[in-house]
Amino acid sequence: MNTRKLHPYTKFGVSFLVSGLSVILDRPLSLAVLTSLALVLLLLSRPGRQILKTYLLLTVTTVWGIMVSQGLFYQEYPRTVLFCLIPPGEHFAGLCFIKEGFLYGLIQSLRLVAALSAGLYLVTSTPQEAFFRAVSALPLPRGLTLMAVSAVRFLPTVAEDLRLIRKALRLKGYRPLKRGILYTIKVELSVIYPLLSQAVRHSRSLADALLTRGFDPLSPSRRLFLSPWPRPEKILTVLLLLLGLGVFVLKVLFWLYLQEVLYVESLRPLYALVRNFL
Amino acid sequence: MRKASIRVKNLSYRYPEGTGPALEGISFEVRPGEVFLLAGETGSGKSTLLSVLCGLIPAESGGEFSGKVEVLGRQWPVAPGEIFPEVAVGFQNPAEHLLAETVFAEVAFGLENLGFSPLEIRKRVAEALESVNLSGFEDRRLSELSGGERQRVALAAALAVKPRLLLLDEPLAQLDPQTAHRVMTILRTLANNGLTVILAEHRLDLALGFADRVCFLEGGRVAFCGPSKDFRPPARKFPLLPRARPGEVLISLRDLAFARPGKSEVFRGITLDFRAGERVALLGPNGCGKTTFLHLLAGLLEPTAGRIEIRTKAPTGSLLVGLLLQDPDLMLIRESVYAELAFTPENLGLSEKEIQRRVKLVAEKLALSDFLDRVPFALSRGQRLRVALGSVITGHPRILLLDEPTTAQDPRNTARLLATLSADLVIFSTHDEEVARVLATRVLRFEDGEIREVNK
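Line by line, the protein sequences are chains A and B.
Each position in the first sequence, counted from 1, maps to that position plus 8 in the numbering used here.
Each position in the second sequence, counted from 1, maps to that position plus 702 in the numbering used here.
One thing to keep in mind: the hints can contain errors.
Below 30 Å or equal to it, Euclidean Cα-Cα: the simulated DSBU-like pairs (lysine-lysine) are [unchecked claim]: (1) Lys175(A) x Lys107(A); (2) Lys711(B) x Lys931(B); (3) Lys711(B) x Lys186(A); (4) Lys825(B) x Lys61(A); (5) Lys13(A) x Lys175(A); (6) Lys931(B) x Lys186(A); (7) Lys13(A) x Lys825(B); (8) Lys175(A) x Lys1055(B); (9) Lys186(A) x Lys965(B); (10) Lys13(A) x Lys965(B); (11) Lys931(B) x Lys175(A).
Some chain B residues flagged as far from chain A (calculated, every beta-carbon gap over 10 Å) [claimed, not checked]: (12) Glu798; (13) Ala802; (14) Arg843; (15) Asp1029.
These are calculated hints, taken from the structure and not from any lab test.
Yeah, the Cβ is synthetic: ideal placement off N, Cα and C, and Gly gets one too.
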């Protein structure tokens, strides 16, 4: 199976579902399953080696970064100390790794990784033109969809500008940290000036092109040259979105029960399902 | 006589916050089916005038507008959308104005806005691409095309909507002479069939023979307007620059080649020496590799084969290599001109007194003394270029690389600029043959992946 070949709308639906569930779900196990599914989806689209390398770098740093920081700085109770880097003293609470913090960090990072995997699957497996056509055909004013598409399209230009700005700084003798941390921060932040000026110029050029080519930002979207959405994929997407909606409804019911607003005896198995797995 | 397509009478325009008028007292008429050439130096007002004719000025730009403009029977001000598709525009830098990812989508964009059926769109896109000799390019990505091909895509996009008036800003800028000749032939044929074509172009040798009439602008005013056969481009005056005897080799290139990942080589087998005292001009159309070559010399890019050897060292308190980027705005990072000029000496670890001395000297040389407290981005394009250049030369580089320093400068300013440079070796790129011939001690021409020495 190659998930790369799915219709862009199916991919939108799946990515939306994964992102939504990553916010709704709370249990580490269910989040781990969701993240695994998103990862399988990404791998089945056969991403290139460079994409996988970037993905690994992002996920490993995200998971460990969040887990370590939450493990160290967790403020809730109860707390179980695993070990201390700096033991507590008379006037200092110590710097210790907290088990519950680790767990909390794991949940948060799994949320991020699930959404990241789904997003990466959508972006890397869809040809740009098909992606843009699909965005442009969304039932939104064309002014909004074109803005979204343009923002993505100009990212490589911004990256190239940034590369040139940094090289130009280097050619002017600038070396990070050579003249102190404050000077370095100031220079690094000032990179924003030329980037903003370029962004304004590109926006102006884009606006001129749109104005002179009959573009109406308020006109409705048009589904031109977008391949038809296969019926089985359409049905699958609807079912998946219904599944997501079902989970959302269950979570709301469970929350109402916890808040002692609504309790229905016959829903007890569902309350148990949410408590233990969702 | 047929009714004029365009009537401009006593048109003047000043940009918002502009120091002087960009156009002043412009009057002319263009008849249907004419090829009308707008000529003039960079900054003479050609692009501004085209922006007026397509409705962007004053409807979308503000500023002070006066005079009468009538295009295809409509009185100005008119919004650009109201005259589309009767008036179609091809902008100066197609790379900045292309809206889609593929050739098909780009050419189809205007047709989609007009609500044509997919069938009609496909037909018109095919016709438009055929007219610019790009049939079969439909699925190609714009980012993979050469500058010249992109320019032709922009032209096809303008032609696809079947306009009555075509406005083109520097349509030949990125084309080799053969392709430029082909494009001009296409435009001439279209004009013979009733389309009115107005093009702003500085490559007069290529465009003049195809134009019916010429309007030559100087400083925003009409210096000549009449039949192209009566037009003689005014002679340009350049001050003489001192020439030094070439000294030791400072840069040595051996079998240099460069290609971007997945693309063909920009150039190959380049073996050259650059010596102290030389002022070298790099010539060639846009996209031929001049910028890439300068970036390689500056160390911004790595060659794919061969080697670059810099056989000198920077004295204390100086840079070895300085580079002025083609887009000087990318070099402006400070909040004042003074701070910008002081940036390089600061990084060289010089004393405050020495920094002040260098900033003062360079500001005087580049006529920037009055702007030292100003924000660089609040200055004109030409002034910003001088600030960016100043920020490099306050570092006293031994080797100075300049990417298109002639942009937004008249020849006199360019000459003055080059005369102020005290580097041992200056290498600059330009598309202006005359500037290269007069101001450089040595000229290299980039053609078909090779670099040839030009006998001056």
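Cross-check of the supplied hints:
At most 30 Å may separate the alpha-carbon atoms for a hinted pair to count; Lys175(A) and Lys107(A) exceed this at roughly 45 Å. Simply put, Lys711(B) and Lys931(B) have alpha-carbon atoms about 24 Å apart, close enough for the 30 Å limit, and the pair holds. Distance restraint check for Lys711(B) and Lys186(A): the Cα-Cα separation of roughly 60 Å exceeds the 30 Å cut-off, and the hinted pair is therefore not satisfied. At roughly 43 Å between alpha-carbon atoms, Lys825(B) and Lys61(A) are farther apart than 30 Å, so this suggested pair is violated.
Restraint check: the Cα-Cα separation between Lys13(A) and Lys175(A) comes to about 40 Å, which exceeds 30 Å; the hinted pair is violated. With a C-alpha separation of about 63 Å, the suggested pairing of Lys931(B) with Lys186(A) is violated against the 30 Å cut-off. As the CA atoms of Lys13(A) and Lys825(B) are separated by approximately 28 Å, the hinted pair is consistent with the 30 Å bound. The hinted pair formed by Lys175(A) and Lys1055(B) meets the criterion: a straight-line CA distance of about 27 Å does not exceed 30 Å.
Restraint check for Lys186(A) and Lys965(B): not satisfied, since their Cα atoms lie roughly 38 Å apart, outside the 30 Å limit. This hinted pair checks out: Lys13(A) and Lys965(B) have alpha carbons roughly 27 Å apart, not beyond 30 Å. For the suggested pair Lys931(B) and Lys175(A), the alpha carbons sit about 49 Å apart, so the restraint of at most 30 Å is broken. The claim that Glu798(B) is not at the interface with chain A is violated, since a C-beta of that chain comes within 10 Å of its own (minimum 4 Å).
Not every CB of chain A lies more than 10 Å from the CB of Ala802(B), the least distance being 7 Å, so the non-interface label is violated. In this structure Arg843(B) is not separated from chain A by more than 10 Å, as the shortest Cβ-Cβ distance comes to only about 8 Å. Annotated as non-interface, Asp1029(B) brings its C-beta within 10 Å of a C-beta of chain A; the closest such distance is 8 Å.
In this structure, the earlier hints numbered 1, 3, 4, 5, 6, 9, 11, 12, 13, 14 and 15 are contradicted, and the remaining ones agree with it.
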